[in-house]
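Generate coordinates for the entire structure from the input sequences, incorporating the hints supplied.
Sequence lines, in order, name chains H, D and A.
For this note's numbering, count along the first sequence from 1 and bump the result up by 513.
For this note's numbering, count along the second sequence from 1 and bump the result up by 142.
For this note's numbering, count along the third sequence from 1 and bump the result up by 6.
It should be emphasised that the hints constitute simulated quantities derived from the structure, not laboratory data.
Please note: incorrect hints may appear among the correct ones.
Said to hold, decoys possible - DSBU-like, lysine-lysine: derived pairs with alpha carbons at most 30 angstroms apart: (1) H:Lys614 <-> D:Lys177; (2) H:Lys524 <-> A:Lys123; (3) A:Lys123 <-> H:Lys802; (4) H:Lys798 <-> A:Lys246; (5) H:Lys711 <-> D:Lys258.
None of the values given here were measured: they were computed from a predicted structure.
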Amino acid sequence: MKLIRGDTISKIISFIALIVGVSFLLLMLMFFFKESSIGFNFNPNLKKFLFQEGWSPLSSPPSFGIRHAIISTVFVSGLSLLLAIPIGIGIGLFLSEIAPKKVQILIQPALELLAGIPAVVYGFFGYAVFVKNFEIWFNMPTGECVLVAGIVLSMMVLPFIASTSAEAFRNVPWEYREAAYSLGVNRSYVIMKILFRKALPGLFAAVALGIARALGETLAVLMLAGNSTEIPKSLLDRAQPITALLATELGETSIGSEKYHALYSAGLLLMLVVLIINISIWLVKKRMKRLTYA
Amino acid sequence: MMIIYNNMTFVIRSLSIAYKGRVVLTDVNLNVPAKQITAVIGPSGCGKSTLLRALNRTLELVPGAEVKSGEVYFQGKNIYDKDTDVQIVRKRIGMVMQKPIAFPLSIKENVLFGVKFHKNFNGKSKGEIVETSLKTVGLFDEVKDRLNDKAYALSLGQLQRLCIARALANNPEALLMDEPCSALDPISTGKIEELILQLKDRLPIFIVTHNIAQAKRISDYCLFLSDGRVLQQCNTLEIFENPLDEKVRDFITGRIG
Amino acid sequence: MHESVTYIETSIGASTCTYRRWRNFLNTSMEGFLWICGAIGLLLPLSIFGYICFEGVNHLSISFITEYPKGTPLGTSGGIMPAILGSFFLALIGFILSFPFALFGGIYLSEYGRETKFAHVVRFFVECLTAVPAIIYGLFGYAFLVVFLKFGVSLIAGSITLSLIMFPIMLISIQEALLSIKDEYREAAFALGVSKIYIIRRVLIPRAWPSIVAGIVLAVGHAIGSASPVLFTASIYFSKGNVSLDQPVMTLPTHLYYIVSEAISMDHGYGTAIVLILGLLIFNLCAMFLRKVGSLKQ
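Right, here's the structure in full:
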């Protein structure tokens, strides 16, 4: 009897712990909707908020469109993914198909090291190495630009793409390679025709994870993209991705103002995009599970 | 010596194989004429699959496995010579694995997998190659309406026949089969055995099997391996009538499995 | 048979040869590209790490670690002691706040609510939240804790924000750690007639300990290094180093950010960066030691 009572109590305690923790997170979501829904009301024309108006809080009347931030985010994270996806998947293939055991043992912790360096240190590194030199190489007044932010951001997402895709390739059973090689084909043929297809869901997860990381990264782009509310037109232009906009403006915003709600709306947008990406990863995984057991 | 080689498809001379430094197969000698089905039997773990993989150099895909000494002549040429192209060796000596593997491609592309790589069309169209290969294994009528469907929807038995068709489409001059029926039900097994007997006229076949009855049904020549050594090699009928070693006798009478 | 031999000889004729050479060229170039990728995967981390260590090690001294920021503008000389203290206490309090919930929550998901609809929904929800960018947590902390609950920019507001970031990461790794223990252990213990909580305490937690520690390290390391959640909830440009729950603190990441964005001193930037990185490294090593101790006990 005593045993059972102890068990019930522990069950209740752990249930309460879970509920408290999760409800805090739920509260966060709800609070975000509350703070930003007003923002969306302030901009009854959502299209205008997202795509048409510029960000000029000091003009009269002030306008709080985040078009420049959306374009900057697409530019910077697009560039970083353009660099990180091929190299990251390449590292994944290298680790699972080519690398001798000893080399694998070296690269794995190196990638973990790369993933463990804080964003602000990357920002500092990019500032010390690239920004300073870009000013000299390209004769720019200030070296912060889309290109620098994109390069540094690609280093940050690289380890995630690399290790997730290595896992995706390793999960392809050995028999597939043996069956293919026994027909006398070479490695590139096996990789292109079989491994990429078999590892597709895992690669999708790797890329989606990379996109989510790149979109949400704040400190590095804040320090390296240049924080300009102009729309960037080239790789050497300054830009202000959504996360940088939030980090720059929030400190100077009075609570409840139009600008305040516009910022929370931008945050909500960012969060929704990341959540959609995550849900799609989950759906792909679920679909693949069903297919493999079919 | 050359005379022997020319009459024989395979000539194996004192082949020894090591896995991670440990010798797993010692001193195998064998002459295989054309149109012969050779069965490799013996208790599990005796090195049957290792021997088979050494015959078309798929063994070197297994990390740690290496041919220590000996030669494997295929049509008079040592496949372990430095100047042989391993891709051509594997193309000319086809292989079918224990577990049927459907590549993540359509049925048609599965058959054409090797052919497309080797550009080995012989003036035939892709459709013709798919059709003849699938007809040989008796699968064409079953799948002709869904050649462009993914291959994983096939049953295990169909899949194994697809794997054989895939190997045959490459136009090999010998076929190695590693327990091709061990994952299949009796009816599918019967179909595959029938197919093997049909193929006998076209090319020599090596088959590893743990099923003694199967070896007796289809093979002409038998090789009995135990602990990496050949205990007996002779015509199939002879091994069943006159087992030389006690272990061989125990095994074929079913006392050890 | 002879027919087929002659056919083979012709099939490796000139045209196929060029084609085969092309195939081999493709293969070699691809393998070359993959080797280059591998080299990047190895050299990029080492060079970034090496660069910062090499440049930073000159600025590392006892006084840099133990003194307040000095000079005009502040941060050009002196040390970063308040930032070290601030980061330490933020992470510590954040951990203390979130760990019990993550531990018991993970136990519930794995041991009591396994395979229930509820557990699946919670798990999915929590997994989504691990992907939410840290700046979003910062925004929430600002609006809810700093403004709505009137905590002000303070150590406690920052700690709670960090605990929200750590909670989902720890919850998932604890759940996974417990799930990965084979059912035989549970059954063997149940067969002895002991209660579930006894099994959890004496069998499951000790077995899962190394993985649990790994999850904690991941979460806490992430929290120590991230600046965006504490930027508006806890951090201040300069403090005397007195730690109080209702006062703002300096932190290492935000200090590095301020130094760079105000272009104060590259030297101090290198120093702060290396302290941050080495701090995380030491933290990881300690955790590795803890894992060892935990697994030796079994």
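Hint check results:
no. : hint                  : verdict
1   : H:Lys614 <-> D:Lys177 : violated (43 angstroms)
2   : H:Lys524 <-> A:Lys123 : holds (17 angstroms)
3   : A:Lys123 <-> H:Lys802 : holds (18 angstroms)
4   : H:Lys798 <-> A:Lys246 : violated (51 angstroms)
5   : H:Lys711 <-> D:Lys258 : holds (19 angstroms)
Figure legend: structure checked against the earlier numbered hints; hints not met, in rising order: 1, 4.
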